Amino acid sequence: MLLIQFGHNDEKADSPGGYADPAQYAQNLAAYAGEAQAAGALPVLVTPLTRRRFDPDGRLQHSHGPYPEACRRAARSAGAPCIDLTDASRRLVEALGDARSRALYMVLPAGVYPAW
1 MLLIQFGHND EKADSPGGYA DPAQYAQNLA AYAGEAQAAG ALPVLVTPLT RRRFDPDGRL
61 QHSHGPYPEA CRRAARSAGA PCIDLTDASR RLVEALGDAR SRALYMVLPA GVYPAW
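Counting in the numbering used here, the sequence shown runs from 1 upward without gaps.
Just so you know, these hints were derived from the structure itself, not from any lab. From a predicted model like this one, the values you see are computed outputs, not experimental measurements. This list has only true hints and no planted wrong ones.
Okay, the calculated beta carbon distance ranges per label pair: (1) 79 to 111: 45 to 51 Å; (2) 97 to 1: 31 to 37 Å; (3) 1 to 96: 27 to 33 Å; (4) 18 to 94: 24 to 30 Å; (5) 94 to 114: 30 to 36 Å; (6) 100 to 79: 35 to 41 Å; (7) 57 to 87: 20 to 26 Å; (8) 55 to 103: 16 to 22 Å; (9) 88 to 109: 26 to 32 Å; (10) 88 to 115: 27 to 33 Å; (11) 58 to 110: 23 to 29 Å; (12) 110 to 14: 17 to 23 Å; (13) 39 to 63: 31 to 37 Å; (14) 31 to 109: 34 to 40 Å.
For each residue, glycine too, the CB sits at the ideal point set by N, CA and C.
With the hints as extra help, turn the sequences into a complete structure.
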């Protein structure tokens with residue numbers, strides 16, 4: 001089994017070299033799945049983990065736009081299973097709320113890691 005999960009960086013249009021529009025993202029995922037199948041592996045596509053962004057009223061903001069659905073589409077076209085981590089993590093983070101969901105994510109002050 002090979003778990004394949006992308007999307008956080010693909011959706012960043014201002015990231016040089018990292019952006020893929022949703023159609024290209026889906027094509028890339030389907031290609032990875034096809035290569036895994038050709039090598040005898042079972043590819044499982046995984047939608048992106050939800051970002052922990054709450055608005056001032058405490059509502060979780062949806063942050064991945066069309067990318068989770070593009071992943072689901074790619075899984076269908078490749079005949080591969082798909083784990084909907086976007087939906088599962090969104091439901092968990094919403095249930096916990098802003099303060100309690102903080103423990104699920106690496107939240108560090110600036111300067112702790114050189115690249116952060």
